[in-house]
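With these hints in hand, go ahead and build the complete structure from the sequences.
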Amino acid sequence: MSRRTDWTGILLAAVLGLVIVVPLVVVAIWAFAEVWRYPSVLPQEFGLRFWNATLARPDVWAAMSMSLRLSVTVTALSALICLPAAYAFARLDFPGRNWLFLSFLASHAFPKFGLLVAIAGIFLNLGLISTFWGVVLIQLVGTLMMMIWIPVAAFQSVDRRMEEAARDAGAGPVRVFWSISLPQAAPTIFAALMLSFVGTFYETEGAWLIGAPEIRTMPVLMITFINNQIVVQYGAVLSVLLWVPSFFALLFTRRLVGSQSFAKGFGV
Amino acid sequence: MATLSLSAIGKSFGGADVIPGLDLDIAEGELVCLLGPSGSGKSTLLRMAGGFEMPDRGTVRIGGADVTRMPPEKRPTAMVFQSHALWSHMSVAGNIAFGLKLRRLPRAEIRSRVEAVLELVGLAGYGARKVWQLSGGQQQRVAIARALVLEPQILLLDEPFASLDQHLRERMREELRDIQQRLGITTLFVTHGQDEALALADRIVVLKDGRIEQADAPDVLYRAPATRFVAGFIGTMNFLACDIRRGRADHPLFAVPLALPDGPAELAIRPEALRLTPDAEGPVRVRRVTDYGSHVLADLETDDGERLKAHCPPEARPAPGQRMRLSARQLSAYQQGRRAEASPAHLREGALHA
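Chains A and B are the protein sequences, given in the same order. Residues in the first sequence are numbered from 1 upward in steps of one, following this note's numbering. Residues in the second sequence are numbered from 1001 upward in steps of one, following this note's numbering.
Any given hint could turn out to be false.
As the list claims (entries may be wrong) - Chain B stretches covered by chain A per the calculated footprint, using a threshold of three residues with CB under 8 Å from any CB of chain A: (1) 1066–1073; (2) 1079–1090; (3) 1239–1247.
As the list claims (entries may be wrong) - Computed list of chain B residues with no C-beta within reach of chain A, every gap over 10 Å: (4) 1056; (5) 1112; (6) 1175.
Said to hold, decoys possible - Here are some of the chain B residues that sit facing chain A, going by a computed Cβ distance under 8 Å: (7) 1050; (8) 1052; (9) 1150.
These are calculated hints, taken from the structure and not from any lab test. Glycine residues also receive a C-beta, built at the ideal position from the N, C-alpha and C atoms.
Shown next, in the form of structure tokens:
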């Protein structure tokens, strides 16, 4: 069987690849370069000196652990709050449903920094500035829209007949949600969880404005590094470190979403 | 097993009466088919029996107990859905065992009951498969097994064979009938396939606009449709408009004596009740001939432009354009939409000639 080569597709892939991959490769090379002077294409000296220097710093490890703890907490809380709400939006009809649903856009409809400053003022009175839970709260707001809108679409696409069949078999509404709707919507919900995890991990403005000076996440630390000393390698090493969680998230998502049991839709 | 009775049941959607008020009693072990055009309320009726729709009026009783306000999970009914509605994230056995697990049965009993019901639907050894690995017919059987394993008092089926091809549908309905009779389970079946209803049902309920047009055994329904609507809806029927004048129909083809009051009427003749004889002077002309294998369908036209359909045996296949003489073995008349009671005594086989 002969297939025509899709040159447009290849060209598009090449351009996208160039734009996305090349900067990443450059940063990755910088992370392992000890001497790299213009106009050489590759560094003159490779080495792990900056890695040793970076990883020897306790504040890097503290920030990494802080970022992970924050992201896990925010994602878990967001799921706990948003998934039942998303189910309600998808399946129930109540007064003000559409207005409430659209209101989740509000937090993204205004310039974020102004909003953050206003919230920071309130948090200052509440004693939440520079606390772990203060940052959790502010980052939670950032995940709400994604964690409502994406799962709503996921729940809406679950065949209602499947839920009815479970009711028919003797399951109450909560059991139906837990045993049928949630697993059926799982791949999409998982994608939303990953997006909110990664989004929280890289969130900078809120973490900085509310968390400083006590709470220092990886991106906040990186900003201080870059501001204090223009050594490209420090930034590069931290960047590469920052890729690690999203890389694992990506692998995990591929495994789950690509797996046969979910890829094959049924009865639709 | 139990009886199912719907009394004065009514349902409206958005102010429009889908079912204005209807009574239906189903005996123990009976298989009743709900038949009707789209929007006639048959699915709504079934869903009210299953508890998926709350009736606005009337009561639903199962085995004499009022279940009108009972949610589906509490009712002794089991539903088989048109789309199968199998849970694709579970195995075949997982689908069937779900309801049993909710009832907190011991694990060993669940396993043995799942195996027994898989055996019953002819899928022994398929328990570990994923549902999407099965063919359409197998999925349908899993859906039936999932309903049967709970030993429901009432089995509800919502066009369960609609997505299957012709052969599979015929086989599945034989198998379903077989299982239903073996278990003696009271069954309400929604379909818009009339051949399915005729083949399966003890009794067919024909619905139109949420009202029962006729509820009778399949042979009665086919041979003596009570209304003009049922006569036209079940099978093919030739309707010939005429007037009754002094006890006689004035139709040029069938000027038969009918003891009916004067006024407009329609003569109704099944295509298989018509017999064609070639006759150059005959009153009808063959327009088209379609061969269905088992019989040949001739499309006829009178000189007035009136159209009729007639079955002929394949060996007596007429040619298009040929003129024919017609005789009817059986004929009935409808006045004001209802079957006219007076059937002339001499309308017996071969007695009527055009």
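Now for the hints, and whether the structure bears them out:
1. 1066–1073: Coverage by chain A holds for the segment 1066–1073 of chain B (3 residues, Cβ < 8 Å).
2. 1079–1090: holds (count 10)
3. 1239–1247: violated (count 0)
4. 1056: At about 17 Å from chain A, residue 1056 of chain B clears the 10 Å cut-off, so the statement holds.
5. 1112: Non-interface label stands for residue 1112 of chain B: nearest chain A Cβ at 18 Å, farther than 10 Å.
6. 1175: 20 Å, holds
7. 1050: Hint on residue 1050 of chain B: holds, closest Cβ of chain A at ~7 Å, below 8 Å.
8. 1052: Holds, because the Cβ-Cβ distance from residue 1052 of chain B to chain A comes to roughly 6 Å (cut-off 8 Å).
9. 1150: 7 Å, holds
Of the numbered hints stated above, the single one contradicted by the structure is hint 3.
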